[in-house]
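Participant: Going down the list, the protein sequences come from chains B and H.
Quick note on this note's numbering: the first sequence kicks off at 1 and runs consecutively.
Quick note on this note's numbering: the second sequence kicks off at 1 and runs consecutively.
No lab work stands behind these hints, which were simulated from the structure alone.
Being a predicted model, the structure only gives us computed values, none of them experimental.
Taking beta-carbon pairs under 8 Å as the criterion, some of the chain H residues facing chain B (in silico):
| no. | residue |
| --- | --- |
| 1 | Q37 |
| 2 | A40 |
| 3 | G53 |
| 4 | Q81 |
| 5 | A95 |
| 6 | G126 |
| 7 | G144 |
| 8 | S146 |
| 9 | E147 |
| 10 | H150 |
| 11 | T154 |
| 12 | L253 |
Mimicking SDA-like on lysine to any residue, the simulated pairs with C-alpha atoms at most 25 Å apart in a straight line are:
| no. | chain 1 | residue 1 | chain 2 | residue 2 |
| --- | --- | --- | --- | --- |
| 13 | B | K196 | H | K262 |
| 14 | B | K35 | H | A44 |
| 15 | B | K168 | H | D20 |
| 16 | B | K168 | H | L163 |
| 17 | B | K197 | H | D235 |
| 18 | H | K7 | B | T199 |
| 19 | H | K160 | B | E192 |
| 20 | B | K35 | H | Q83 |
| 21 | H | K243 | B | P200 |
| 22 | B | K197 | H | R11 |
| 23 | B | K32 | H | S70 |
| 24 | B | K168 | H | V21 |
| 25 | B | K196 | H | D235 |
| 26 | B | K35 | B | D93 |
| 27 | H | K7 | B | P200 |
| 28 | B | K114 | H | T15 |
| 29 | B | K197 | H | W254 |
| 30 | B | K197 | H | D255 |
| 31 | H | K262 | B | Y191 |
| 32 | H | K243 | B | A198 |
| 33 | B | K141 | B | H109 |
| 34 | B | K196 | H | R11 |
| 35 | B | K32 | H | G77 |
| 36 | H | K7 | B | E194 |
| 37 | B | K4 | H | D19 |
| 38 | H | K308 | B | A125 |
| 39 | B | K35 | H | A40 |
| 40 | B | K114 | H | A44 |
Glycine is no exception: its CB is placed at the ideal position from the N, C-alpha and C atoms.
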Amino acid sequence: MREKFLSLSTVGVPLDRTNVDTDAIIPARYLKTIKRTGLGEGLFFAWRYDMDGKERPDFPLNRPEYQGGEVLVAGENFGCGSSREHAVWALMDFGFRAVIAPSFSDIFHNNCLKNGMLPVTLPAADVRSMMDALLAAPGGKVQVDLEGQTVTGPNGEIHAFGVASFAKTCLLEGLDEIALTLTSAAEIDRYERERKKATPWLFLDLAG
Amino acid sequence: MPTLFEKIRDRHVVTRRGDDVLLYIDRQLIHEVTSPQAFAGLEAAGRSVRRPGAMLAVPDHNVPTTPDRSVRIEDRGSRDQIQALRENALGAGIALFDIDDPRQGIVHIIGPESGLVQPGITVVCGDSHTGTLGAFGAIAFGIGTSEVEHVLATQALWQKMPLQMRVVVTGTLRPFVTPKDVILAVIAEIGAAGGTGYALEFSGETVRRMSMEGRMTVCNMTIEAGARFGLIAPDAVTFAYLKGRPLAPPPSLWDAAVADWKTLPSDPDASWDREVALDASNLEPHVTWGTSPQDALPVGGVVPDPEKQEDPGERARMRRALEYMALSPGTRMIDIPVDKVFIGSCTNSRIEDLRAAAAVAKGRKVHANVTALVVPGSGLVKRQAEEEGLDRVFLDAGFQWRLPGCSMCLGMNPDKLKPGERCASTSNRNFEGRQGPGGRTHLMSPAMAAAAAVSGRIADVREVAR
Ligand code: SF4
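Based on the sequences and whatever the hints tell you, model everything.
Facilitator: Written out as structure tokens, the structure is:
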């Protein structure tokens with residue numbers, strides 16, 4: 001059910017803020033859904049619209065030059081706060097496939113990988129120069145090559161990035177991680193048999 | 001030489017893959033907002049719940065806190081999520097504390113209360129404040145919905161191991177200075193991202209002297225410093241809290257369990273990737289001025305000036321925070337008026353918190369310009385508070401006394417701020433719009449929030465209570 005991540009060549013959308021939290025990415029009232037789709041509507045809601053529901057023309061997502069961009073470029077500690085995976089679903093539903101930032105919150109980073117979205121960590125100075133270029137000349141292109149682990153910024157500068165090899169394989173092939181883990185079912189069984197002897201109180205049924 | 005965290009991890013390794021370990025998960029707590037898609041995914045793949053007996057489900061995030069909630073929930077989305085939780089739990093044979101159950105409450109409150117959170121365990125929940133439970137000396141962490149599904153199906157999770165940070169707190173807290181002030185000061189010190197990639201173990205005499213309630217408040221907010229894990233070594237306080245609780249080890253296994261738990265604390269020569277020390281003996285009650293939990297300062301302070309900040313990124317962030325909060329540099333914190341007061345959330349809605357707030361409220365009146373809410377963390381906390389007469393104290397003072405739930409901590413139910421409203425809150429996040437679109441949040445302890453309620457502005461509880 002996970003989408004494969006291929007390479008991207010797309011408009012880069014600059015979001016020049018640090019500590020972008022998941023309440024800002026998707027406000028709580030949009031979490032009242034039992035589905036993973038349709039959340040793009042609430043993405044950055046309070047920043048995209050004013051209190052009367054009118055679009056804020058200056059917000060990057062509302063500017064015509066950045067329309068259709070699939071890479072978001074943001075400041076440090078992106079995705080901090082709540083564990084809501086809805087933040088990733090909202091970004092993806094809106095059309096984003098990758099976020100570039102100097103750092104991410106741990107939970108958000110994990111949530112991206114589970115959904116076929118690529119979090120790219122680059123040094124702060126590189127993110128800064130990419131941000132400045134995208135702000136100065138809106139509509140600039142960013143290329144992301146997961147296979148080769150490089151990002152090419154709007155001025156043609158190439159940055160290498162790191163990604164855990166297992167996560168990379170899962171992204172490239174769109175693998176179902178639960179199915180992979182279930183190949184270790186025998187080891188999980190064995191673990192449970194042993195721990196039941198060592199700490200039997202942890203195997204009492206909570207439902208009574 | 002291992003740390004508490006490393007000892008617990010080592011006994012939960014099922015298998016390894018490069019740097020990652022497949023960590024066995026002893027317990028999972030489930031709530032209505034982050035689980036429907038997990039159960040749906042499980043069903044779509046034709047899988048079942050591996051160990052229903054290791055799970056506990058409770059509706060808390062979007063439940064109304066008014067008595068009519070058991071008759072009908074107006075909001076369609078909330079109703080559907082609560083119904084989905086009910087069906088998913090019952091369908092899989094998972095224990096459920098449903099909306100009318102006296103044990104219902106905020107997931108991180110009812111887990112410990114029931115006794116299922118114990119030293120040495122791994123416990124997860126689709127909620128970032130799961131670190132709260134690390135106060136028992138457990139590896140407790142928040143996960144996303146895909147991981148909830150993974151745990152339902154496999155009872156395990158692939159994890160990278162975090163770095164180890166020790167926070168040593170020393171000194172005796174002065175009157176009206178609380179664990180909330182300790183953790184706000186720690187976050188202000190290391191920053192909202194300072195703990196990213198780390199597990200934080202809190203130690204030192206100040207922490208040792210805290211009750212379990214206070215320890216949970218400290219661990220609750222480690223995520224606001226960016227750390228997924230907060231831990232405190234188990235000791236006699238922990239064991240006494242657990243003894244006799246319904247889901248704690250039964251009498252026949254109690255001694256064996258305690259003997260095991262005593263082996264868990266970090267070895268004296270354990271090595272740490274980072275150490276932070278805080279002398280709390282002169283700590284003041286803290287409040288936040290901005291839109292990140294790191295924006296905390298002593299209540300006697302003034303709103304800081306972004307122009308004095310050297311880092312341009314931080315300067316821009318501070319400017320935006322002040323604009324959002326409608327505050328200007330140099331304003332004394334105690335001159336900031338509030339419209340609402342919220343005493344609740346998994347940070348500060350346990351019995352001790354309500355006692356502290358009630359002690360300030362007693363014999364005083366909520367200011368005419370303020371609406372004040374007290375939302376107990378669980379049905380059991382509520383019952384105990386009522387037995388102690390705290391509900392009367394609050395009601396007589398003009399506070400509202402509500403049913404348990406997350407409530408105005410995140411504004412998913414009808415309890416939320418209106419645009420522009422300013423709130424003194426005992427919760428853990430002051431992000432833009434967290435308590436309702438356009439709402440403005442100042443974080444503080446329960447006693448400080450009660451002092452704000454009766455003063456109509458942010459106040460130093462030590463002045464109010466004098
Ligand atoms: S009280 Fe607030 S922080 Fe705690 S679980 Fe509920 S919404 Fe999350």
